[in-house]
Each structure stands twice: as structure tokens, then as C-alpha cells.
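2 protein chains.
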Amino acid sequence: MFESAEIGHKLGKAEYKREAPKLRQALLEAQYELLENGKFPVVILVNGVDGAGKGETVNLLNEWMDPRHIHTHAFGEMTDAERQRPEMWRFWQALPPKGRIGILFGSWYTDPILRRVMGHDKRAVFERRLERIRHFERMLAAEGALVLKLWFHLSKAAQKKRFKELLASKKTAWRVGPGDWERFKHYDEFVDICEDALRETGTGEAPWQVIEGSDPEYRSLTAGRMLLDALRARLKGAAPRLSPAAPPPEPPIDKRNILNSLDYTRRLAPKAYDKRLEKAQARLNQLTRHKRMRERSLVMVFEGMDAAGKGSTIRRLTRAMDARYYRVIPIAAPTDEERAQPYLWRFWRRIPGHGAAAIFDRSWYGRVLVERVEGFCAEADWMRAYHEINDFEEQLGDAGGIVAKFWLAVTPQEQLRRFRERQKIAYKRFKITDEDWRNRKKWPRYEQAICDMIDRTSTDLAPWHVVAANDKLHARVEVIERLCDLVESRL
Amino acid sequence: MFESAEIGHKLGKAEYKREAPKLRQALLEAQYELLENGKFPVVILVNGVDGAGKGETVNLLNEWMDPRHIHTHAFGEMTDAERQRPEMWRFWQALPPKGRIGILFGSWYTDPILRRVMGHDKRAVFERRLERIRHFERMLAAEGALVLKLWFHLSKAAQKKRFKELLASKKTAWRVGPGDWERFKHYDEFVDICEDALRETGTGEAPWQVIEGSDPEYRSLTAGRMLLDALRARLKGAAPRLSPAAPPPEPPIDKRNILNSLDYTRRLAPKAYDKRLEKAQARLNQLTRHKRMRERSLVMVFEGMDAAGKGSTIRRLTRAMDARYYRVIPIAAPTDEERAQPYLWRFWRRIPGHGAAAIFDRSWYGRVLVERVEGFCAEADWMRAYHEINDFEEQLGDAGGIVAKFWLAVTPQEQLRRFRERQKIAYKRFKITDEDWRNRKKWPRYEQAICDMIDRTSTDLAPWHVVAANDKLHARVEVIERLCDLVESRL
Numbered sequence: 003m004f005e006s007a008e009i010g011h012k013l014g015k016a017e018y019k020r021e022a023p024k025l026r027q028a029l030l031e032a033q034y035e036l037l038e039n040g041k042f043p044v045v046i047l048v049n050g051v052d053g054a055g056k057g058e059t060v061n062l063l064n065e066w067m068d069p070r071h072i073h074t075h076a077f078g079e080m081t082d083a084e085r086q087r088p089e090m091w092r093f094w095q096a097l098p099p100k101g102r103i104g105i106l107f108g109s110w111y112t113d114p115i116l117r118r119v120m121g122h123d124k125r126a127v128f129e130r131r132l133e134r135i136r137h138f139e140r141m142l143a144a145e146g147a148l149v150l151k152l153w154f155h156l157s158k159a160a161q162k163k164r165f166k167e168l169l170a171s172k173k174t175a176w177r178v179g180p181g182d183w184e185r186f187k188h189y190d191e192f193v194d195i196c197e198d199a200l201r202e203t204g205t206g207e208a209p210w211q212v213i214e215g216s217d218p219e220y221r222s223l224t225a226g227r228m229l230l231d232a233l234r235a236r237l238k239g240a241a242p243r244l245s246p247a248a249p250p251p252e253p254p255i256d257k258r259n260i261l262n263s264l265d266y267t268r269r270l271a272p273k274a275y276d277k278r279l280e281k282a283q284a285r286l287n288q289l290t291r292h293k294r295m296r297e298r299s300l301v302m303v304f305e306g307m308d309a310a311g312k313g314s315t316i317r318r319l320t321r322a323m324d325a326r327y328y329r330v331i332p333i334a335a336p337t338d339e340e341r342a343q344p345y346l347w348r349f350w351r352r353i354p355g356h357g358a359a360a361i362f363d364r365s366w367y368g369r370v371l372v373e374r375v376e377g378f379c380a381e382a383d384w385m386r387a388y389h390e391i392n393d394f395e396e397q398l399g400d401a402g403g404i405v406a407k408f409w410l411a412v413t414p415q416e417q418l419r420r421f422r423e424r425q426k427i428a429y430k431r432f433k434i435t436d437e438d439w440r441n442r443k444k445w446p447r448y449e450q451a452i453c454d455m456i457d458r459t460s461t462d463l464a465p466w467h468v469v470a471a472n473d474k475l476h477a478r479v480e481v482i483e484r485l486c487d488l489v490e491s492r493l
Numbered sequence: 003m004f005e006s007a008e009i010g011h012k013l014g015k016a017e018y019k020r021e022a023p024k025l026r027q028a029l030l031e032a033q034y035e036l037l038e039n040g041k042f043p044v045v046i047l048v049n050g051v052d053g054a055g056k057g058e059t060v061n062l063l064n065e066w067m068d069p070r071h072i073h074t075h076a077f078g079e080m081t082d083a084e085r086q087r088p089e090m091w092r093f094w095q096a097l098p099p100k101g102r103i104g105i106l107f108g109s110w111y112t113d114p115i116l117r118r119v120m121g122h123d124k125r126a127v128f129e130r131r132l133e134r135i136r137h138f139e140r141m142l143a144a145e146g147a148l149v150l151k152l153w154f155h156l157s158k159a160a161q162k163k164r165f166k167e168l169l170a171s172k173k174t175a176w177r178v179g180p181g182d183w184e185r186f187k188h189y190d191e192f193v194d195i196c197e198d199a200l201r202e203t204g205t206g207e208a209p210w211q212v213i214e215g216s217d218p219e220y221r222s223l224t225a226g227r228m229l230l231d232a233l234r235a236r237l238k239g240a241a242p243r244l245s246p247a248a249p250p251p252e253p254p255i256d257k258r259n260i261l262n263s264l265d266y267t268r269r270l271a272p273k274a275y276d277k278r279l280e281k282a283q284a285r286l287n288q289l290t291r292h293k294r295m296r297e298r299s300l301v302m303v304f305e306g307m308d309a310a311g312k313g314s315t316i317r318r319l320t321r322a323m324d325a326r327y328y329r330v331i332p333i334a335a336p337t338d339e340e341r342a343q344p345y346l347w348r349f350w351r352r353i354p355g356h357g358a359a360a361i362f363d364r365s366w367y368g369r370v371l372v373e374r375v376e377g378f379c380a381e382a383d384w385m386r387a388y389h390e391i392n393d394f395e396e397q398l399g400d401a402g403g404i405v406a407k408f409w410l411a412v413t414p415q416e417q418l419r420r421f422r423e424r425q426k427i428a429y430k431r432f433k434i435t436d437e438d439w440r441n442r443k444k445w446p447r448y449e450q451a452i453c454d455m456i457d458r459t460s461t462d463l464a465p466w467h468v469v470a471a472n473d474k475l476h477a478r479v480e481v482i483e484r485l486c487d488l489v490e491s492r493l
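Read top to bottom, the protein sequences are chains A and B. For any residue, its number in my numbering is found by taking its place in the first sequence, counting from 1, and adding 2. For any residue, its number in my numbering is found by taking its place in the second sequence, counting from 1, and adding 2.
One chain only, chain A, in its complex shape:
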């Protein structure tokens, strides 16, 4: 994998002087075209062995292009906010918006490789982390990002030579730390593991580009050209071709599904309701104040057809908790900052740290519900979303999150009754719009989308709780009780 990057690539200084200004001008023009086009972000990963010129290349790209539209991020020690969230959280925060270039120095590859080299992670863990990275990059590519992964390599002899050169000058000696020599001792092991990582993550949508790092002129011109070629190809070409999705699942031939086989007749009398609600709320209150919850976060998702009672259920839930503990996040149209990012970005930015809860009133499932039914995204987009969502929730779980998802199910008849009631009551009238009536006409298509969603995203780690909600009292108690059961089982 690194064979071609150990043969001593070199470029004459004269050739460099001739070529660099042209390349630079071309890069700058391509960058402005990207900015005006504004349709996709460019994510450049800068990785490789120590001393191979990673930092120099990052600086050079900033020098060659307009640094005002480049977001450069270096990842060091985690902050306390980062430690409380999935490891990918900080990379999500660093993604450039459409039209911009993000340079990530020390990317999502650094920690998995180093922990494997140092023996902190077993092979299986390492493989799993690489798999997660593959999924993440596939998602980025599918969302339209141009992902350029640069790997800067040095042979063992070249690395040693490079360190000695740096140490020889006062100006550069600071750049070789004790950690660098320590890692140099593990060179063979390190390169072995890097090779594994590159092999397993060199995908069609985000291939690795290996660059020999010993000669600055060769290295700089090569990296710049790779970026230029990728940018130009993408600016010329249409949107990247999505891998063709499998055809969407057909509804079952006997017309039975998880929604129409629910028991909607369950009722709770007001007196029994008061009693059970109070008990369930007290239980939830105790649970959220449990010692072990200080190391956990709680992510709740509420979905359901219009007028299914999400809002009123959430209010019964929040009453059981301290207002400092939770945040309710109503999901409406994305803001323009959110629209310039991959679909899941706006949810990632809202996930809670330890000892905190987020209640999503509608959620990332909009992708496979309203966006699917209304045609707001392509079939391939919502088809891949199931997997992306499962992956997202798994990451939440791995970071100590408890994910509780509720579908409040009402029958079409009950919805109609509630719509009419809302129209009658003055202060509820704002809750019913023409759009609600339009959505209602698409009931069968929503029903299929819902059933597909539950089948594909109800997992052990984050199961869907489908609650019959024709009777509001029954639904509210049921939700809080099930939430308590789930939290209890996870503590």
C-alpha cells in the first residue's frame, strides 16, 4: 500500500517554481467557483506519519487559496463537552458548510490507529471503529460532500532523517516532541496498522491518496494537484451518482401491519389515570435523579400522526422532571445554517451531555416519513437513512445515551374527530392548518412509511414503543411507564 511512497519521489526546484504559481491560481479559481456554486462542501483529511509534512501542507493550502473560506481544524485533547458525547460528535461540529473547504488535521482516523498501535484497543474494536468510519464517509459522500483523504507517508529511514533535520535547526527543533521519538520506536507496527486502516477504508466514494512526504516540492505540488483535480471534476460533473437503492419494500399482501393490528380500544378512566400518572411521574422523577444518570444522557423521540397527542404527552413527561435537566427540541424547518450541512447535522448539534436529557418533538425520522412521502428527498436518500439512523443511535448508546422512541398511533377516524374539535375551540384553532388536511389524504402512504420505519429502525439498543393513542389518558401513562421501564433496565 505504501510501496510507491517509499521510492524517493522528488521534484526539481526549478520545476516547482514554474508549476506552483499556475497551480495556485487554478486552485484559487476553483475555490471561488465552489463558493459561488455553493452546492457541496469539501472535506480534506490530512493524516499520515509524523514528519511527513502534514502541517506544512495544511499551511500551504491555506496560503495558496483564500483562507477566509477555509475552515481548518486540529483535534487535540478532548474538551469536557466532547468527552460526554459520541466520539464523532466533535467531527460533526467541524464539518464545513456547502461551498466551503474544511481541512481536518488529525481526523477520525487518528485515535483508532493510535489506540490500536498502543495496544489499548483489540483488533475487533479497531475493525468496528473502521466500519463506523466507512459508514460516516459514505453518508458524507451521499450527502454530496467531496471527501479527499490525503495520507502522507515516509519510510522508516526517511522519518529518522527528517527528525534529525528538524532537531538540527533552532527554528524547527520544537516540532519534534518526546512523543514523536516514542512513536518512532513503533514505526513498523504503526505502518502495519495504518495499512490495515487504509485498506479497509479506501472506498469508491472516499479513496485514500498516498503521498510520499520526504521532498517538500514533490509533496506540495502533488497534494495541490490532487485537490485541484478532485475539485474540478466535481465542479464540472453533475451531483455524484448515488448507488442504486434496492426497490422500496411493498406493503404486505394481507394488508395487516403493525399499526392496524394495534388494540385501539384500551381506555383509562380519569380516576385510574390520575393515580397511575402520579405514580409513574414520581418514578420517573426518582430515576432521572439516580446517581448513575449523572454518567448517562437520555434522548427521547416523539413521533406520531398529526393530532396524535405528542405535545400533551411531552408536557406530562416534563412535569415529572426538573426543568434544568431536560431540553425540549421542537423540530420544524431547518435553518439556513442547518440546510448547508448533512441531514443529521442539526440533530447532532443538539444531543445532550451526561446528566441531561433531550426530548425531540419530531426528529431525524422526518427523513423516512414526511420527506419520503412528500418527495422532499430522493428515494436513494431515504433508503440509506434507515442505516444512517441506526448508526447514529448506536453511537448515542455507546456514549452512555439511553434512546427512547415513541410512536403515538391514532386511527384515521380518531384523527378526524380531533381535527374537527380543534376547529371548534378558539385557542386550539392555530393548531390545525390546511397542511394537516392535505397530509390526512396521504394516510395510506404515511402508514406504509411508518411501518417500514419501525421494521427497519426498531433495534435492541433503541426499540420503538408503538403506543395506541386513541385514548389520550391511556397513551400518556403508557409512555411514561414504558420510559421508566427502559431507563431502569439500562441502569
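There could be a bad hint or two in this list.
Note that the list lumps identical chains together, so a pair holds whenever it fits in one copy or between two copies.
In silico DMTMM-like cross-links for lysine to aspartate or glutamate, where the CA-CA straight-line distance does not exceed 25 angstroms [what the hints assert, rightly or not]:
no., residue 1, residue 2
1, Lys172, Asp324
2, Lys100, Asp363
3, Lys172, Asp436
4, Lys273, Glu17
5, Lys173, Asp324
6, Lys41, Asp338
7, Lys24, Asp276
8, Lys163, Asp276
9, Lys124, Glu191
10, Lys24, Glu373
11, Lys444, Asp454
12, Lys124, Glu89
13, Lys426, Asp438
14, Lys238, Glu145
15, Lys426, Glu35
16, Lys172, Glu339
Hint data in this document are derived by calculation from the structure and do not stem from the laboratory.
Assemble chain B onto chain A, guided by the hints.
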């Protein structure tokens, strides 16, 4: 100040049961009206003595209204990101957008009061912090926010009783910590200092409302009514009346000003330029890697007429620094998230932590330049901005920030020459628009705005560096050298 809140206010349970549902309905309706109106945010501060029902009130407000549109924040220990920035930074992050209600539990009053009580801050420091709060709240009010400051009070005897009651029940005993008893010992001193704080910050635009906290029914209904009254009055009324601004300053009668008395003839020959630039860049590089810079942040501001050379100067600057150290922030139109916040919010969100630099390509000075000249904001708004900006920069300085501001000055003749040149060169054509020509016609008005800005915001702490930029080479070197001088003087 607390006399009326020690007389044992009480409300019958029957009256509460009769009144609470009505209040609740009215609050909910007002909240939805606010949401639909979307014109101003509501900031509720919840402060007061321990045990006076602050937490209960926060929970109750969340219960009475729709928690989906309330942002509740409790402020505990600072995170590491917060410690590296001005103390108001975390409150800026917590401000609700227009149309929403933000409840701040433990607000900007908590720390100044506690540090004064504990004797960590001298009287003068305390006064200074209160003054800063006054400025901040005046800014919030001027930006349209409804600021409701609730103070929950208990007499000494009532506080003691309350603690004993809480301790008596297993369910509530956890709420009295050892810190509470410790603070109780300082009750008299605490209340004395609180009185000072309330007196000095009870302004016309953000008055304090003191509520006796011993009786839950009285307390809850009183707090709810205060919010309802404030909300209703504001929803009915027009925008709050801004205090009339002093008339804008007239240009000096002899027509001489800081811009037209600059020496624009200074030139630098290319050879001398190369030499001095290299030297200045090396110096800057060393300075940014200085040990003491790890505890400091660097905030650079670049302003200037169109085509004054901001972009190219910034690029000479960034070349001297490691790309991981700085971020360039080009300021264009605000995003919709930014438009829903006070004017300075979008700059606060971008200020760097320690060991980092931000380079603003245009900045908060847009308020007193383009917004003034184009009439994008009212006269009273840009008139108050000078003071708000000075205050902002002072806070940056107090938190270890070095603020460097550069005005690149060109003559109208030189601008014209550059505009024409840009039109000729293919890849520069995107840099010149109809708007640039329109702005040019308003030169005299811009000139006055610039001179006013420099006069009013060039401070000891954050002086303006006005650089004659008719010769680009001279300007670039001058900027980097002056920046180095400034940084050096601050280390």
C-alpha cells in the same frame, strides 16, 4: 428593598385553585402569540435566596406554558471553553431567539454577589461588575428583548424554617446541601449585598420584581402574573421606546479629518518590501508561538473601504501563522439564526479561546458603518453601538484577549483605479459588483461614519490602527509590524 417581601404574604388554597387554571391558560395563549409574532425574545432571570422557591417556579413556568418553546438554562461550574472567554460568553450562548422564552436560573448576578459575600471581590470590583450588567441589560432591552428579573426573597427566620422543612422529608432532603447551611450563616451579609445589587441594577428598562417566597401559592401566582402582565403589555404595545439619542456629531468645520490628513504618499519598493515582510512575518510567527500566548487569545479586526486590500493583507498575515492557530471569519449577511438574536451575538459566538486567534474580515463595526450609512438600523441603534462595542472589546481584554483593529485607508482616486483594474482582469471580475459602485457614491457619508467610529472606539485597550493603503506593499508590512508591536507590548 425587601421590606414588603418579609410580611408573610399568603394565598388561600381555594383561591389558588380558582385562579391558577385561568392564569395558566392566559400564559399559554400569550406564549403562542409571542411565538407567532416572533418579534422579540423574553429573558426571565430567576434569582434570590436559597429555599425561596426558585427551582419550583422554573418548573412551574415550564409546566404552565409549552415547554417546547422555552429554553431553560441552569449555570453551574464553568466548562473549560467558558473559562477561556469573557464571563458573559456563556450567557450570550444561552440567550433565547426572538419569539421564545429563555429562563435563566442562576444568571449573571449569581457570581458577582457570591464572590462579594465571600469576600473574594472588593467593593470596587463588585461595582464594576454591576455596571457591566447594567450595560448588558440595557443593550438587551434596546435590541427589543423583554427582560423580566425575578428576585425570590425569604426572611432569615423563613429561610431557616424552610431548610428544616425540606430536611424533614426524605423526598426533599437532598435539596439542602452543606453549601446552603454555610451560606445561611452569611444571611445578613448576603441580603445586604443583594440589596446593593438590586438597587444598582434596578433600571427603567429592566426593573427587579421582588417576590416573597415562603408561601408556594402566593409565590407561584405572583410570578405567573408578573410574566403575564409583562408579556401582554409588550405584545400589545409598539416596540419599546429607545431613549432619544444625542444628535449625531457634525463633521469638523475645517473639513480636516483623520482620513484626509493621512500621508498617502508612503511607498515601499518591492525589494525592501520582500525583506521587511519576511522579517515581520518571522517575528509574528515567533510571537504567536510564545509561551504566554497559550493563556491569551488574539482577535484581529480588518475594516476598510471596498478594494482597500483587506483580503490580500490578511493573506500575508495568515502565511506567518500556523493554520491550526487562527480562524478567518468573513462577515457577510447574518444567517437566520443570527438575525433572531441581538446584533453582537454573531460575533460573540465566534470569539476564540486561549491559544487561538480570530481574524475578522469586516466585523461588528458594520453597525456604525454600512448600517448607519445605508439606514439599515435606526439612529439610536448605531449611536448606542459605540458604547456597546467598547464594552465588548473591554470584556475581551479582561479575559486575556488582545484586540487589534486595522483600518486600511485608500483615497477615492486609488479606489477608482482599483475598481477599473478589477473589471479588466478576468479572475478578479467577481470581486467588483454594482453595489461597490453604489457605495462609492456615498463616499463623504462613509468618511464621516469612519471618522466618528475611530474617534469613539479607539481606546487604550483596543486602539485603531489607521494605515494608509494606497501602496499595498507599504500597508501589508505596516499592518504586520504594528500587530507585532501591539502583541509584544501586551505580553
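We went through each hint and held it up to the structure:
In the homo-oligomer, the alpha carbons of Lys172 and Asp324 lie at most 25 angstroms apart only across protomers (17 angstroms), although the nearest pairing inside one protomer, at 57 angstroms, exceeds that limit. For the identical chains of this complex, Lys100 and Asp363 are inter-copy neighbours only, at 20 angstroms across copies versus 27 angstroms inside a copy, given an alpha-carbon limit of 25 angstroms. With identical chains, the CA atoms of Lys172 and Asp436 are never at most 25 angstroms apart, being 72 angstroms at best within one copy and 51 angstroms at best between copies. Proximity of Lys273 to Glu17 under the C-alpha cut-off of 25 angstroms is restricted to the inter-copy arrangement: shortest distance 24 angstroms between copies versus 87 angstroms within a copy.
Within a single copy, Lys173 and Asp324 get their C-alpha atoms only as close as 56 angstroms, which misses the 25 angstroms cut-off; across copies the closest is 14 angstroms, which meets it. In the homo-oligomer, the alpha carbons of Lys41 and Asp338 lie at most 25 angstroms apart both inside one protomer (13 angstroms) and across protomers (19 angstroms), since each shortest distance falls under that limit. Proximity of Lys24 to Asp276 under the C-alpha cut-off of 25 angstroms is restricted to the inter-copy arrangement: shortest distance 21 angstroms between copies versus 76 angstroms within a copy. In the homo-oligomer, the alpha carbons of Lys163 and Asp276 never lie at most 25 angstroms apart, since the shortest distance is 77 angstroms inside one protomer and 32 angstroms across protomers.
In the homo-oligomer, the alpha carbons of Lys124 and Glu191 lie at most 25 angstroms apart inside one protomer (14 angstroms), although the nearest pairing across protomers, at 59 angstroms, exceeds that limit. In this assembly of identical chains, Lys24 and Glu373 lie within 25 angstroms of each other by CA distance neither inside one copy nor across copies; the values are 45 angstroms within and 40 angstroms between. For the homomeric pair Lys444 and Asp454, the shortest alpha-carbon distance inside one copy (16 angstroms) is at most 25 angstroms, but the shortest distance between copies (61 angstroms) is not. In this assembly of identical chains, Lys124 and Glu89 lie within 25 angstroms of each other by CA distance solely inside one copy; the values are 18 angstroms within and 43 angstroms between copies.
When the C-alpha separation of Lys426 and Asp438 is checked against a cutoff of 25 angstroms, the pair qualifies only within one copy, where the shortest distance is 16 angstroms, while the shortest distance between copies is 55 angstroms. Proximity of Lys238 and Glu145 under a CA criterion of 25 angstroms is satisfied intra-copy only: 18 angstroms inside one chain copy versus 45 angstroms between copies. Within a single copy, Lys426 and Glu35 get their C-alpha atoms only as close as 54 angstroms, which misses the 25 angstroms cut-off; across copies the closest is 19 angstroms, which meets it. Taking CA atoms no more than 25 angstroms apart as the test, Lys172 paired with Glu339 passes in neither setting, with 44 angstroms inside one copy and 47 angstroms between copies.
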